[in-house]
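In the order they appear, the protein sequences are chains A, B, C and D.
Under my numbering, read the first sequence as residues 1 to 118, first letter to last.
Under my numbering, read the second sequence as residues 1 to 410, first letter to last.
Under my numbering, read the third sequence as residues 1 to 247, first letter to last.
Under my numbering, read the fourth sequence as residues 1 to 185, first letter to last.
Honestly, the hints are just simulated from the structure, not real lab data.
Each hint should be verified, as a subset may be incorrect.
[Unchecked claim] Derived, one-sided and incomplete: chain B residues facing chain A with beta-carbon distance under 7 Å:
# : residue
1 : Leu53
2 : Pro58
3 : Gln59
4 : Pro61
5 : Ser62
6 : Gly75
[Unchecked claim] In the SDA-like style, the derived pairs of lysine to any residue whose C-alpha atoms are separated by at most 25 Å in a straight line are:
#  : chain 1 : residue 1 : chain 2 : residue 2
7  : A       : Lys38     : C       : Gly215
8  : B       : Lys129    : D       : Gly19
9  : C       : Lys187    : B       : His102
10 : B       : Lys193    : B       : His222
11 : D       : Lys104    : B       : Glu39
[Claimed, not checked] To give a feel for the contact side, a few chain B residues facing chain A, derived at Cβ under 10 Å:
#  : residue
12 : Arg68
13 : Asp74
14 : Glu76
15 : Val79
16 : Pro171
17 : Tyr174
18 : Val241
Here a beta-carbon is modelled for each residue, glycine too, at the ideal position from N, C-alpha and C.
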Amino acid sequence: MTELWYVVGFALAGVAFVFLVIGVSWLITHRNRGDGHKGRPYESGIETYGDTWGRFGLSFYIYALLFVAFDIEVVFIYLWAISFRALLLDGFVAMLIFVAILLVGLGYAWRKGVLTWR
Amino acid sequence: MTTDARTPNPHAALDDPSIFIEDVLRESIVEAVPVGRTERQAEFYTLRDGEMLLNMGPQHPSTHGVLRVVLKIDGERVVDIDPVIGYLHRGVEKLCENADYHQAICYTDPLEYVSSLFCEWAPVMAFEKLLDVTVPRRAEYIRVLATELNRVASHALTMGWFALDLGGLTPVLYSFIERDEIMEMLTALTGQKLLFNYMRIGGVNGDLNHEFMSRLGDWMSHAARHIEANQGLLNENEILVRRARGLGVLDEETALRMAVTGPNLRASGIPFDVRRAHPYSVFPELDFDIPTRREGDCLARYLLRIDEVKQSLRIIDQCLHQLPDGPVMARVPRLVRPRPGRAFAAVEGPRGLYAAYVISDGTDQPFRMRIHDPSFVHLQLVGLMTPGNLVADTMAIMASLDPVMGGVDK
Amino acid sequence: MAVSDRALDPVGGSGAPDDARAVSFTEAATDVVEAIVVPNTLWTPVDPAAYGPGTAGLNADITHLREFEASGAARRDDARWSGALEIVPTKADYLLDLIRANSLWPLLSGLACCAIEMMSTATSRNDIDRWGMFPFRASPRQADVLIVAGTLTTKMAEPLLRLWEEMPEPKWCVAMGDCTCSGGRFKRSYSTVEGIDRIMPVDVYVPGCPPRPEGLIFGMMKLQKLVVDRRGHWPDRKVGPTVPAGL
Amino acid sequence: MDRALRARLERRFAERLTGPVHQRHDETEIRIRPADVGEVLRSLHDEPELDFRLLADLCGVDTGDRMQVVYHLWSATTADWLRVVADGLDRESPRVPSATFIWKGAEWMEREAYDMFGIVFEGNRDLRRIYMPDDYASFPLRKDFHLADDASRSPGLGVRPMEEAGAPVDATPATLLRRSGAERA
């Protein structure tokens, strides 16, 4: 039963942390809005030319996909690294297989020429 | 061409709840792309679909000073580029027309502020031609010694900024150590840290002193070793070499057509160096060679500057050994009134041919003082070399051309 | 060194300069030096006709900070509630000033020769990272201090002003170099703004052409003292140009 | 002071020179009409015995009553700098053919001459202001554009202290012409 309290405690702490930080910063920061320029988009000091809500190329999307894939991999490795001492050899081999599979994915992407910017 | 964006925003301050945030921001996003008055402007500011105009504006980590570059980009690829300068235009030529001949040196000093001894030497040499003054040999040797030191300091900075623009943060610290040591040495000689104001019409301000000689001795002992260490840090660095090789290639014919001079020209294979092509001062007596490379890409320009530093060390060594005795200042009247006439004097600066063209009309103020700065001409190469590369490569190309905005904007 | 306008100092009276005494929080900073005003009889500003009639040589959209301060909209730095709770921001600022003073992040922007000296101040020989000022933030949204280093020209005045306004409060401005403080050796040119305090508020003036890194470091320490001595009195800071009258 | 260069120039451009070839120290100066700029520069650049391949500098000059455009060239065949002066542009609408068809690098130097003097270079693809903001009304380096406190308006009686208290003496047209008159025509 106590495990349940741990989970609830962690959830509450997470939510409280987020709102605490935003609340305190809203409480003590300045409300000086400045004149029209404060809200203007920053482009090294010059007005932006044309409409900056334009469409972006496909290659950005592919890069984002690759990044997400390998970022999630890092999350799993991180969890594994914490309990590495308890997992002994079989845990190590399991992680090697996991990483190998992902490297195959990277190799495929590399061979397909996705990494060179088009 | 004052667009409506110039008038202050008619809306009340942003916190007026009645205004929905999107409206104000959309209102402020300016549709007013500048109207194309000249042929080049019209061609640049017509956007095909998928293209976007991006400002790498006057305040940007990688533009060396206040250079603004308008990029027309399609995703990550740069389609076209239009450098906009003038953000540091201080009107030096007009000020020199209202200043005495001695004071004109003060105005030209902060032009190419990274190598300010060269910015003094060109006008001073032009005034000496107008006055037909012969500078004593000791002063000429001290001038060559001081300017070569300034060249080493300037090239050290260039190497640091080149690595910084390619992403390396620590080489800047190494290059500033080297540069600060030389600056302290030149401060001991001239009395000022960055804008030396050391050269006078007819010679130099003061003779060599012990403080300068001892610091020079210490520095010369470990200068070659430091350069080797800095090179080891950068030359074999795989990232820098792969990014810089083959980027922004400048062939011989285009370099001559674009009136390029200095390291950027010599990196394309043409051994034009004003010290050899049009010898001035005591350079005919000094023996040094002009390093040239054939590839003409960013890496060649970077490596060429390291070779030039080695040549400068050789020149400094020879100057110290052949330093004659004698006065350091010729007899020049306090009130300088040269004959009516014109004089053109060119000096080989760290960035190229730095020249001063002076017209005098017999009064004590120059009638017209024209300063030719090499970086001003080299910035046109950015518009030539960047289209087709990625956005990140524009920094590498601009860093390899190494513009100094004080000289570009005069 | 720190020529700050009378209006900046909430507590009047000019006590003895207290550099010798340790910084104590109890009594206000009273070493405000009377601004030395030299009436300008030598020259009119830049050729007035160049920027169109009636703008006294300065572009219309560089001087809008003066109108913005006159319009009073800048003064509304109040909290969303009133009464007892209103003291929260000022008391918080009172505490946070110490933290702000020791982590002043400058904006990565240099105009001319002083920028090289500013870089030299930031690198390892004389290092301002020792006082927490190192990360030169590239975007004004993350910067605290705007160190203006170099000659300000009329073409660059508008971008510089935009950068200044896009910086979040509390923000300070250090004018580094003679050209920035008062136009310097290019004062009589047709295209320079004679001193940035004609268009924006300046807290610390660092003279020198270029000022040695030690000079800039001394200026930044004066700024730290200014921040700590201000003790949270933010609402009445000047928003518009702080040029002494008559210059 | 390269006598051979002087002879070659006089032989090659006998009828196009509007004045004698001046030589002093290490500079040689020839003066041509603005209309001949394109043809003279082309022959200086292309002919092998002249071979002036490098354009060192291009600048505008306002001599009070007329305008000039000055080109400085370098060649391996001579030890001198060659200065080509396109003289006689009238002040109201100075026009001269552009040098960008030989040296594309002259584009920005011509833009600067246009920005500072108003000299229009026909054939330059991109002739707009380079230093001053686009809506700037006047051309700063012309002789009729005076700085706020213009010491040059006062006759150069000696080394005048720049910052003399009191109003500066206004430039009478006479002082302007006296200065330009002193300069060799």
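- Query: What are the numbers of the hints the structure violates, in ascending order?
  - Reply: 4, 5, 7, 15, 16, 17 and 18
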